[in-house]
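Engineer: Using the sequences and the hints given, assemble the complete structure.
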Amino acid sequence: MARLPLEGIRIIDCGHVFAVPYACGLMADMGAEVIKIEGPGRLDITRDGPFSGVHADNRPGADPWNRTANFNLINRGKKSMVLDLSRAEGREVLKDLIRVSDVFLESFTPRVMRGWGLDYPNMKQLKPDIIMVSNTGYGPGSGPYSQYPAQATTQEATHGLAYVTGYRGGIPSKAGQSFVDFLASWACLMGTALALRYRHRYKKGLWIDVGMYQLGCYTVSEYILDWLANRLLGERLGNRHPSKAPQGCYPCAGDDQWCVVSVRDDEEWAALCRLIGKPELAQEVRFATHRDRLAHHDEIDGIIAEWTRSLAKFEAMERLQGAGVPAGAVFDARDVNLDPHLRSRGFLETLRFPPERGIGERAIIGRPWRLNKTPLAVRGPGPALGEHNHDVLQGILGYSDARYADLEQAGIVATRPTQLRPLAYMEMDERVRRGRLAYWDPDFKRRLGTEEDEPGAGVPRVVRPVPRDPP
Amino acid sequence: MIPAALDDLRVLDVSQGIAGPLCAKLLGDFGADVIKVEPAGGECGRSMPPFSGGEAHPEKSLFFLLTNLNKRGITLNLEEPRGADIFKELARRADVVVETFPPGYLASLGLDHPSLERQNPGLVMTSITPFGQTGPYRDYKGGEIVAYATSGIMSISGTTDREPLKHGGFQAQYEAGFNGTVATLFTLLLRDVTGEGQHVDLSVQEVVASTMVINQPFYSWTGGVQGRRRPAGTMFGNVMPCKDGYFVSQAGGGASWNDVADFYGRPDLKDERFADVNQRVINGQALDELLVEAAKDRTMGEMFKTASEQYRMLFGIAQTPADLAACAQLEARGFYQEVEHPVIGTIKVPFGLWNMTETPARYRRPAPLLGQHNLEVYGEILGYTEDDLMRLRQAGVI
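Each protein sequence line maps, in turn, to chains W and L.
Numbering-wise (the working numbering), the first sequence opens with residue 170 and increments by one.
Numbering-wise (the working numbering), the second sequence opens with residue 1029 and increments by one.
Keep in mind the hints are simulated off the structure, nothing from the lab.
It cannot be assumed that every hint is accurate.
Using 20 Å as the maximum straight-line C-alpha spacing, the simulated EDC-like pairs for lysine to aspartate or glutamate come out as follows [to be verified]:
{"#": "1", "chain 1": "W", "residue 1": "Lys542", "chain 2": "L", "residue 2": "Glu1145"}
{"#": "2", "chain 1": "W", "residue 1": "Lys296", "chain 2": "L", "residue 2": "Glu1386"}
{"#": "3", "chain 1": "W", "residue 1": "Lys372", "chain 2": "L", "residue 2": "Glu1414"}
{"#": "4", "chain 1": "W", "residue 1": "Lys542", "chain 2": "L", "residue 2": "Asp1140"}
{"#": "5", "chain 1": "L", "residue 1": "Lys1376", "chain 2": "L", "residue 2": "Glu1087"}
{"#": "6", "chain 1": "W", "residue 1": "Lys373", "chain 2": "L", "residue 2": "Asp1035"}
{"#": "7", "chain 1": "W", "residue 1": "Lys296", "chain 2": "W", "residue 2": "Glu275"}
{"#": "8", "chain 1": "W", "residue 1": "Lys413", "chain 2": "L", "residue 2": "Glu1083"}
{"#": "9", "chain 1": "W", "residue 1": "Lys372", "chain 2": "W", "residue 2": "Asp298"}
{"#": "10", "chain 1": "W", "residue 1": "Lys372", "chain 2": "L", "residue 2": "Asp1036"}
Facing chain L, from chain W, some residues (calculated, C-beta under 10 Å) [stated by the list, open to error]:
{"#": "11", "residue": "Ser311"}
{"#": "12", "residue": "Glu391"}
{"#": "13", "residue": "Trp396"}
{"#": "14", "residue": "Gly417"}
Which bits of chain W does chain L cover? Going by a derived footprint, with three or more residues having C-beta under 8 Å, they are [what the hints assert, rightly or not]:
{"#": "15", "stretch": "493 to 504"}
{"#": "16", "stretch": "576 to 582"}
Idealized CB from N, CA, C, for every residue including glycine.
Structural biologist: Written out as structure tokens, the structure reads:
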């Protein structure tokens, strides 16, 4: 088997929710041995928090904390150890583990790690070449926000994204979900890779301090620079482009079906006019340049919408792209799961759960890039809580049976949570009725081909090939 | 010299736009010698607004400035056979090539990864394209809104009474730039062991779709498909107006719901009808009205400070670009770098993404002027003289 980028690297994941755990999940794909640590009374909230209630087949089962979608996607391929870090005996176990690990990632508030004597200076005493990654909301230090509680969803406003996002003329808007968490995840990955290379070359470890806030601010840099250079604040453009036209999101046949169109130059504009059967528009002076089209954007939007309205969104996309006009159907979650392009690239991978977990096969997001010589793949489902307690404590640390039993007896190590948040169970139909979901598709397993009794039953939609542009 | 993680590497950045240049720039921040290779007319990033002074000018794009710090710049016409040969010579002496051309374009010039690898088996080539190098959409044209639409994220952004809504700015491009760096770095780690280079195929669509960690598996776990939020009765947790702007308030964090009620000074928030998440959804409209009323005379600054410091709430305010430009937190974190640019002048530029001991990001030079380092780079790497360059210029090669 081909060697993987992180073969032989042992990683401790003391992160929580998205940013650090997702980075560690991706590093498991790349061959690292990742040990996820949760407290018996402090599970990762993707197991039992507000993101849960998404249990396999909407059935919580006897162990709902092992059955959630989100947890298993993010924590794929990891080992799980349950360790009570609020007690000194638990922290002693953690210290033993740090002594035999390469990278330690965490997302506690800074005072927690300091209080435990596990901040970087102390960590270095345990393992001189350890690489430590700390992910916090605003980043530690002397800044006024450094101690503020933070979460991606509120930071989305504070780091400037909400101000520039929203319908034209409307109020600021939140956009996706937990946006900055993903930026932090990628920052943790970049930092860890740089640190591993640094350690490889110079035999020294280091500390990486990721504050999510500044990562979010970075992605509105052009607005900040426009303010600094020109004293312009920018405006909310909805789906329009700051300098090119037309661009927008247009209604297609069916309920809540949409296709975006983005014209980058006069040639694409002429192609669009021909495609929609109005070649004469390309000759009109009032639509001649981007500036003209921006000035008459509402009118153009009406003309495009008239054409898209009778077409299915994928047909609109294929016809526009076939004519050389940048366009895209607005995919919903079902489209992302079933899209033949994403499928053909292997973007979605299948998690196969052991029979005793009663989850079967499930499709999850893999990675957004491929290597031509080293095939990467998710290496297993998210671990059941405490599944690898023995492996870690006895296999890696060599603890005796007696010591293991003592730790279990004392509740330092566990395989069941000591407390659970109340379960937010709701029937699928009820979720739709309350507006939590747009719809639900009872036939999803057949479409995905993950129905155990008829494998491969999903029938992909057929896409017409599009001729290549000449380079 | 202080050692840096990548100071033994040379990167050829032949990419254009935002994502590719940002990917290469981040490698430069950590010590790589990044050489930006542009066509004689400059890459398209030079024509991207905003511009310093507001007028379009190839040396004044602020986007270009941002994404090309720490690079040296040369010009080279890849479509001239002599230009392609020169590129091969450079690639023989490089560790990484970053490119963003449509799939198949470099192959048509004999400059794709298989061709370059024959001369330099250790070469890592990172290709960043809208839909990747394979699959039925690989020749589709992309762009920011196209990435947002086809990744799924737009379908859950905005409100149910309106069309799906893109994030502001060029988030997909930043996200793709970060991922380009991630993929390149891990490939380099592998190369350090095996000595073998690879071709990295990155799809911008997949980068943005990678953030669908709630929605994508929701479908494969239950068949559920999330939509956009309702226009009314969903303000809590979303953007709400106050006296001088907008804010976002969330339950959870270090604050109980009682703390939240105290912060707003509204005991009626402690009513049964707002007691838990489900109740707050059912009674969303009443909650909206109550909160808007409670916040109408309070400022963003005061609310942010009080909520965060006194009540330990999860709280955000819709800061403007001007707020960010003056933000003491960003200054304290070393986010801004003062840059002296020969045409733009002195300006502070967002730079520090995270802090790091031993091998932090280091600023070395502003974005290059078009062809600024032709003599320096061609001289140093290929031994060309001024006369050689003159002839190449006359032949339309550089």
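Engineer: All the hints need checking, so say for each whether the structure fits it.
Structural biologist: Now for the hints, and whether the structure bears them out:
For the hint linking lysine 542 of chain W to glutamate 1145 of chain L, the alpha-carbon distance of about 13 Å falls within 20 Å, and the restraint holds. Restraint check for lysine 296 of chain W and glutamate 1386 of chain L: the C-alpha separation of about 16 Å stays at or below 20 Å, so the hint holds. The straight-line distance between the Cα atoms of lysine 372 of chain W and glutamate 1414 of chain L is roughly 42 Å, outside the 20 Å bound, and the hint therefore fails. Simply put, lysine 542 of chain W and aspartate 1140 of chain L have alpha-carbon atoms about 15 Å apart, close enough for the 20 Å limit, and the pair holds.
Of the supplied pair hints, the one linking lysine 1376 of chain L and glutamate 1087 of chain L holds, its CA atoms being roughly 16 Å apart against a limit of 20 Å. Only pairs whose Cα atoms come within 20 Å are accepted, and lysine 373 of chain W paired with aspartate 1035 of chain L is accepted, the gap being roughly 16 Å. Annotation: proposed proximity of lysine 296 of chain W to glutamate 275 of chain W holds, straight-line Cα distance about 16 Å (limit 20 Å). Using a Cα cut-off of 20 Å, the hinted pair lysine 413 of chain W and glutamate 1083 of chain L holds, with the two alpha carbons roughly 16 Å apart.
Note on lysine 372 of chain W and aspartate 298 of chain W: the hinted pairing holds, with a Cα-Cα distance of about 7 Å set against a maximum of 20 Å. Taking the CA atoms of lysine 372 of chain W and aspartate 1036 of chain L, the gap is near 16 Å; set against the 20 Å cutoff, the hint holds. Using the Cβ-Cβ criterion of 10 Å, the hint placing serine 311 of chain W at the interface with chain L is satisfied: the shortest such distance is roughly 5 Å. Given the 10 Å rule on beta carbons, the hint for glutamate 391 of chain W holds: about 5 Å separates it from the nearest Cβ of chain L.
A hinted interface residue such as tryptophan 396 of chain W counts as satisfied when its beta carbon comes closer than 10 Å to some beta carbon of chain L; here the least separation is about 4 Å, so the hint holds. Checking glycine 417 of chain W against chain L by beta carbon gives a least distance of about 8 Å; that is within 10 Å, so the hint holds. Coverage of the stretch 493 to 504 of chain W by chain L holds [criterion: at least 3 residues with CB-CB distance below 8 Å; count 12]. Evaluation of the coverage hint for the stretch 576 to 582 of chain W: breached, as 0 residues show C-beta separations to chain L shorter than 8 Å, against a requirement of three.
When held up to the earlier numbered hints, the structure conflicts with 3 and 16 and fits the remainder.
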